[in-house]
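Asks: So you can see what is in the structure, the chains are spelled out below.
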Amino acid sequence: MHSLPRLFALAALAAVSTLAAAQTKLTIATVNNSDMIIMQKLSPKFEQATGIKLDWVVLEENALRQKVTTDIATKGGSFDIITIGAYETPIWGKKGWLVPVDDLGADYDYADILEPVKNGLSSEGKLYAVPFYAESSFTFYRKDLFEKAGLKMPEQPNYDEIKTFADKLTDPKAGIYGICLRGKPGWGENMAYLTTLVNSNGGKWFDQKWQPQLTSPEWKQSLAFYVDLMKRDGPKGATANGHNENRALFATGKCAMWIDATSAAGYIFNPKDSQVADKTWFAKSPTGTFKGGSGWAWAWALGIPTSSKQSAEAKKFLKWATSKEYIVMVGESQGWVSAPPGTRKSTYANENYKKAAPFADVVLAAILAADPTKATRDPVPYTGVQFVAIPEFQGIGTTVGQSVAAALAGSQTVDQALATAQAAAERTMKQAGYIK
Amino acid sequence: MASQAVTPPLAGGGRAVRTLPLVGPSVGVLLVWMIVPLAMTLWFSLQRYNLLSPAEKVFSGLENYKFLLTDPSLFTAMGHTLQLVGAVLVLSVVLGTLFAILFDQDFYGQGVARLFVIAPFFVMPTVSALIWKNLLMHPENGLFAFITSSLGLGVIDWFTNYPLTAIIIVVAWQWVPFATLILLTAIQSLSGEQVEAARMDGAKPLSMFWFIILPHLLRPITVVVMIETIFLLTVFAEILVTTSGGPGDATTTLTYLIYLRALVEWDVGGASAGGVIAIVLANIVAFFLVRTVARNLDT
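As they're listed, the protein sequences go chains B and H.
Taking my numbering as reference, the numbering of the first sequence is continuous, increasing by one, and the terminal residue is 436.
Taking my numbering as reference, the numbering of the second sequence is continuous, increasing by one, and the terminal residue is 735.
Bear in mind the hints are in silico, worked out from the structure with no lab data behind them.
Note that the structure is predicted; figures quoted are calculated from it, not measured.
The C-beta atom is built at its ideal place from N, Cα and C for all residues, glycine as well.
Incorrect hints may appear among the rest.
As the list claims (entries may be wrong) - Among the chain B residues that face chain H by a calculated CB cut under 10 Å, a handful are:
1) Thr70
2) Lys75
3) Gly175
4) Pro185
5) Pro235
6) Ala238
7) Pro391
8) Gln402
9) Val404
10) Ala424
11) Ala432
12) Gly433
Looking at chain B on its own, in the form it has when it is part of the complex (with noise of 0.2 Å):
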């Protein structure tokens, strides 16, 4: 028994060395995508210039997500930095659960943020995270398979050409698919793309009764049209492919078209991570019906939780991470390819930078063109352009991603997962109070 006094002495030690610590260190939770072990990589040149320490926790996306949320929810209090992204930013805001970050300083120059991202981040006129990287989505094609079909990419295709091209291009003898789509289920991974296919065909998620529209014809519709499209001309196993798989497939020549985040522009023009950097182009994301909400609007950004008793150092940090001298620092020690993209005008005003990513004025021009609140035809309570801003939107988008995964897996008809996916959304609105 003699342990327990010895334990708890310990326990204390702890207590008091964390407390004395507190005093420089901030904690800091990112996603483990390039841009952000690029910022880790920088950060010794931050803690020299201010001389605070920073502690790095680096996940994957999901498991960061649920660390965050539960921490922040709790009021846990473990991290002084987050890195979250488009969808919890306003939510979390509107809580109370972020510190507004309006006042970094005139230095700073809040002018130069691109307006759609920095309203993405703010809610009711708040600013409550400020972005690090942004995306949206477009259409990557082979130039040098388009040219061997004898095949054009129009400037903004239309989802009936990108069949014909994808049908077209299809090689099995050659390795080739036609197209390559998120097939992953997730509300941010195939969900994310599929939305904004439903968006062209003017659909929606909710009415403005909040009740789910999930088996209207223009659901059918585009789910019949993706199952039918990536069964014709899409990669073996396309249901284990996210973002990622898919950024793998087309590096390495297999697809012929893809269509996914902007920010993976910067990998397939780099000719150290893809084998098709001389030979890739890129046109805006199709459209169908209405010419609206076919490009996603995505941010990755720093906000601090009002539980950090360090708010004042973490700005600090924001600031630094955030602001045009870093998109120089990265451009100028990384290579300009590289450089976090999507979110100052500054950079696209860049010579160096316009250089190095010709897909810069496309990437751009998608990003402004990306309205969270005029994304659907018809009018809708929510606003979002392949998310729905409201809390329940990551378990309704998670499960119906599985019944759109069954569906494009062939286990279940295009009919059987929309009701399915129908039945789950109305439980769920239901319990949470939307619908009476």
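We have chain B; now place chain H onto it with these hints.
Replies: Just chain H now, kept in the frame of chain B:
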């Protein structure tokens, strides 16, 4: 065994030493260890509590249970759990027994071979799931696809077309070694004289297996079944890594369903209710298991 290891009871039914003061503290700690989380789960299961709207937390009685029990996905999830546990148990006992007999034979390189057959048990579940998903069963880059397509047989997309079977294979691959390990040590404890006597009576290998080895293995097999059931009811990492419960809900087990409620929908109340149902289910299984095992161990 009964003849050697019995402490003679004292007159009056008491034992020689009073053990309660010695056992008491640890039993007390264990009780608290169990009761506190259980009570919290029960309490949360009666709340309407979504982590994303903590302000709206109210007592809701049995509403969470009502919602869960009318949810068709609960029963499919239970069905998948039972299929998974049942199939892996059968596979690991049958293959485990066969492997145990095989590796009990004398052959060149026996030590290394034994090491290899037990090795999968020491691979972390996430790692083995990734290996199976990306290196073996992947329809593009996988070894199986390479073998079947070079034989001209076409390619099976395991995790899309036979998701539950694929997961059963992955989990069985991890647990067969455990069964092999236990059963192999059991076979080694089989007395040589008994085998010798049977052989002198003219027993053929097959009847030797049925009447000597298998009865000897009955007790370790029940131990394997019991221990594996406990762990298999909570299989999670393999599902998360390979199929995320899909496609559709084809591989959503009870554990995975609770995960979805708790960490994707953030519905603490609903997830706790699911947890309580899982506890009830596990206890029913445990009740029957303990009874059969106890009977087996008595003889």
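Asks: Could you tell me which of the numbered hints above are not met by this structure, giving the numbers in increasing order?
Replies: Violated hints: none at all, because every hint is consistent with the structure.
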